[in-house]
Amino acid sequence: MRFTLRWSVLLLIFVALPFIFTGDFVRGLLNQFLIFSVLAVGMNVVFGYMGHIPFGYAAFFGIGAYGSALAALKLGWPFWATFILGAIIATLAGFFIGWISLKLKGAYFAITTFGFMAILHVICKNWVDFTRGPMGLYGIPRPSLVELIFDTNLSYYFLAMACLVLCLYFADRLDRSPVGRAISGTRENEELSQSIGISILRYQLVAFCVSSFMAGLAGALYAHYFRSIVPDLMTAYYSLIAIVMVVVGGRGTLFGPLIGALIFVILPEYFGMTGPTRMLLFGIVTLVCIIGLPRGVWPAISSAGGFFRGEKPV
Amino acid sequence: MPEWALWIQYVLNGVVSGSTYALLGLGLTLVFGILWIISFVHGEFFMLGGFLAFYLLSKFADVPFLLSIPIAMVGVGLLGALLGKLTINPIRDRHWEFPMLSTFGLSFILLSAALMLFGGDYRTIPTPYNETVFRFSHFFLSAQKSIVILVTILLFLALRWILIKTSFGRNLRATAQDRVGAAAVGISSSFIYTWTFGLACAIAAAGGVLVGAVFNIDPYMGQTGLLKGWVVIILGGMGNVTGAVIGGMTIGIVEALGTGLLGSGWSEAIALGVMITILLLKPQGLLGVKRGM
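As they're listed, the protein sequences go chains A and B.
Counting along the first sequence from 1, when you hit position 34 you're at 37 in my numbering, and nothing is skipped either side.
Counting along the second sequence from 1, when you hit position 160 you're at 175 in my numbering, and nothing is skipped either side.
Worth double-checking, as some hints may not be accurate.
Stated by the list, open to error - Cβ pair distances, simulated, as ranges: (1) A:GLU272 <-> B:TYR235: 20 to 26 Å; (2) A:PHE274 <-> B:PRO105: 24 to 30 Å; (3) B:LYS74 <-> A:MET138: 35 to 41 Å; (4) A:PHE229 <-> B:THR147: 48 to 54 Å; (5) A:ILE287 <-> B:TYR235: 17 to 23 Å; (6) A:SER202 <-> B:VAL195: 30 to 36 Å; (7) A:GLY295 <-> B:THR257: 37 to 43 Å; (8) B:LEU276 <-> A:ILE16: 52 to 58 Å; (9) B:THR181 <-> A:MET138: 49 to 55 Å; (10) B:ARG175 <-> A:LEU169: 53 to 59 Å; (11) B:TRP176 <-> A:ALA303: 45 to 51 Å; (12) B:SER161 <-> A:GLU272: 49 to 55 Å; (13) B:PHE206 <-> A:ILE103: 37 to 43 Å.
The set of hints was computed from the structure by calculation and includes no laboratory data.
All figures in this text were calculated on a predicted structure; none of them were measured in a lab.
Even glycine gets a Cβ: it sits at the ideal position worked out from N, Cα and C.
Extracted from the complex, chain B is given alone in its bound form (with noise of 0.2 Å):
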């Protein structure tokens, strides 16, 4: 294997990770731009997705991998709805750092029921792709990885489509430019807010499930997931969907990269760097447009 091949399997890998980092950052930058709310919640329903997949093969052994995506999304999609509309909805109209507060204490509360219910084992996803590997030329990727780029490109159409064309999607970006005035027309502020964090719930789940097939789950690759999905959204400027998949993939790229150069303990702080530097030149990120907070 030449030296550049090396490199570019490098980049693939990093599409791999940038492709899970991208899912995260889709339901950050949509409770961000929608709602207007940093979630420090996101990362623990990442993980339980993951972990609601994990049962859901070991236990029923003719479930298929693919159908358990859908069914993580669906059930963790609703567990968030839930808790946004019993944690966050009641004080949406006060200053965002209350918002903001109760997610905390929320993410405090899955994280220690995820260690009790769990334990702090590392677990892989039980997938049949794992084995199959394509091969182009010099370069391998198994079908598994395959699955999660696509899996990323199906939800980001369909995100865009139900943003874009649906009559939900509609309210939601009514709301986003103008809660008051979405309101005085008829769009209920509540079921904006429960549904909204109940469909970024979903797409982290989905998120979650497959990095546990391709690395593993435990249940404290929420608060790491959330950092990352902190530095997708902010390079890809927050409230940005476009934005937040190409931040995605910029991330694992240049996380994988870095970690062929320097070794894996210090990828995650190129990461960081990389946010810092946006943050002070560019803080409405790289598509991104500037408004107050």
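If we strip away everything but chain A, and leave its shape as in the complex, we get (with noise of 0.2 Å):
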């Protein structure tokens, strides 16, 4: 009951959203608050159900965005197909990286998947002839479905919802599923789970592919919203982001990647900063959280009688 009704008020408000705060700037700001979402709850997967700490992560995001703007530029493919297969490749990316980088544990596993995220980045950056380099790929179309063409903010709010609703509905299944209580019981205790007979790599790797295709479908959103690329999506910034994002909204709960997505898009703007500015903001957030409320903000919210109760405690 409390299930339903919890899905109920986020779609809510979900669709509320946009209707309240009618300015395309602010739509477009509700746009990038959803593509860093499902950015966030891809991350937090692997990082708060799973307890890896992946810097790679940010390698998926830009094999989202470069397969499907590529599949869009080059192959005229329409933008479910592009969508579907950019989030694909990421996984099958994951698949690999995972199956290599989790047979190591802990700072290892991060450095590894961090290597693998800058060597992908110097790909890109030096084959010319396909990804066209550092100049990027621009003009990548906006999506459309035979009549429906998502062209305006509020239509793209629409679409971006739709992946955020399904990515967060999977998580929270994948989280309550028995495959979620091996995974999380690997993060309590490996040894442990281990000895009952659960596969360590293969139920991680499973959290890993997961999270590289909800990755790689947030990098298809942002490659078809801002519609240029540039390889700098495959660096540690976006990974960094992604973790701080879950950090600052509850690690390892379902809406607190929600609530740091929001605070790291809106906050910025609230406070007119860009660049340089926007960074230090974004490092003081991080460190105010990290040593006064290490469990973020959404436990503390619902913790201090939230209407939300009954998340997993950190």
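With the hints as a guide, dock the two chains, each given alone in a separate frame, to form the complex.
Written as structure tokens, this is what we have:
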């Protein structure tokens, strides 16, 4: 009962948001919020549920963006196909990278994925014939479905919202499924999980692939929203902001990443910050949260007697 | 110039850039080996060292270049100790991810502050030693580049001396072995955390000055430098000081040869490929000992 109530409230808020904030600028911000939420939800699967830090996460974001943009530009595929293609290529890359990196633990895992991302970045920058290198891709078409063209901020909002809600629902189902329990189990105690017959590598690989699928989807959404992409999408910056969104919002909670994304998209705009000052704000918010609010904003809200109780403790 | 001489010249240049990687690796390996912190802010101190020396030397023309290295080291070392005390000390007993995330935040803050204060341009630290070039049969080495190599060797020896001979070094090693045990015999963890972090920042600052004099400096140099530093200490073994120098030299030489073979765009990928291979085959590094994390 609570479950359906929670989702209907969430959906209601999501549908109402663009009609409460009708300005085109604010709707654009809401779109950014949704895109980065998808990224953060995917990060939460690995970082929150599984307990590993994937520094190379932005690799999948970039792969999704490039896969989808190249399919749209070079092959002229319709958007639903390019979105799926981008996400699937990201998942395959996630399978490959995860299969290799998950044999390592902790810091070593983090750095290995980081290395793969940096290699992909170098490839993307230097393979000029295919990716146009540092010049990036531009003129990526807005998605269209027969007569429905997602060319306004409002229509794109609903497309992005559909993607986000699907990802959220999937992350929630995954977390509650036996697979999700096995994944959380490996986070709490690897030896114990292994001793009761959980194949750590297999379950963690599933989580890693799911998360790279979401990152790829976020990348595709990003590419078709901003309509131009550069290889710098695959740099540590995007991994870090995704990690920071999850940490600030509430690690391992379902809605925490959304709060984190909201803070990180809306706050700089509210203060009119761009470029370096935006990064300064990110740094300060991160430090304050790490030192003062280590469990994140969402658990703080929900333990303050919130309506959405019953989240898994961090 | 015969073909083989060209390759030896590449190796020589590799040793020069390898020296700066080694300086980055020395600090990182100290922070990881003793404090068990994966520092993401290390590259920013490397960058700040370069900028401190740049402003010092361009504002005050009569400061000799060699004096700017210790000044930058002291300045950045003190800043590092202060920031370490503020942001890492309060959370040092938590899971290793928390201090690491806090270094992310610090790195964002310092990078953006540098962008706002210094702008994004490339600059070269003024130095009189770039004109003098030594020639050994077919190879060339400028005086500035020899200074880079010499300072690296000196700092490495000094760090080894500090770690092995001084009481501060003994306290550091004791903390590295067993933090609780060290605290029980009266070694203040807070003191060790603050000053080890400061020491690591000081070494990075020296690297920044040397890079700025031979190549150039810009606010983003810390980000690329950090990556190199990671490759170096993974190769040499995390927490191993000698390994950091050997790793730095190896990466420098491999990259220089790779640039000769494939062009500069791909040389970064070679270093990263080496890093991933080492991590998978021998995660403790070439000289490291295995430890849990």
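Okay, the hints, checked on the actual structure:
no. : hint                              : result
1   : A:GLU272 <-> B:TYR235: 20 to 26 Å : 24 Å, holds
2   : A:PHE274 <-> B:PRO105: 24 to 30 Å : 26 Å, holds
3   : B:LYS74 <-> A:MET138: 35 to 41 Å  : 38 Å, holds
4   : A:PHE229 <-> B:THR147: 48 to 54 Å : 51 Å, holds
5   : A:ILE287 <-> B:TYR235: 17 to 23 Å : 20 Å, holds
6   : A:SER202 <-> B:VAL195: 30 to 36 Å : 35 Å, holds
7   : A:GLY295 <-> B:THR257: 37 to 43 Å : 40 Å, holds
8   : B:LEU276 <-> A:ILE16: 52 to 58 Å  : 57 Å, holds
9   : B:THR181 <-> A:MET138: 49 to 55 Å : 54 Å, holds
10  : B:ARG175 <-> A:LEU169: 53 to 59 Å : 57 Å, holds
11  : B:TRP176 <-> A:ALA303: 45 to 51 Å : 48 Å, holds
12  : B:SER161 <-> A:GLU272: 49 to 55 Å : 51 Å, holds
13  : B:PHE206 <-> A:ILE103: 37 to 43 Å : 41 Å, holds
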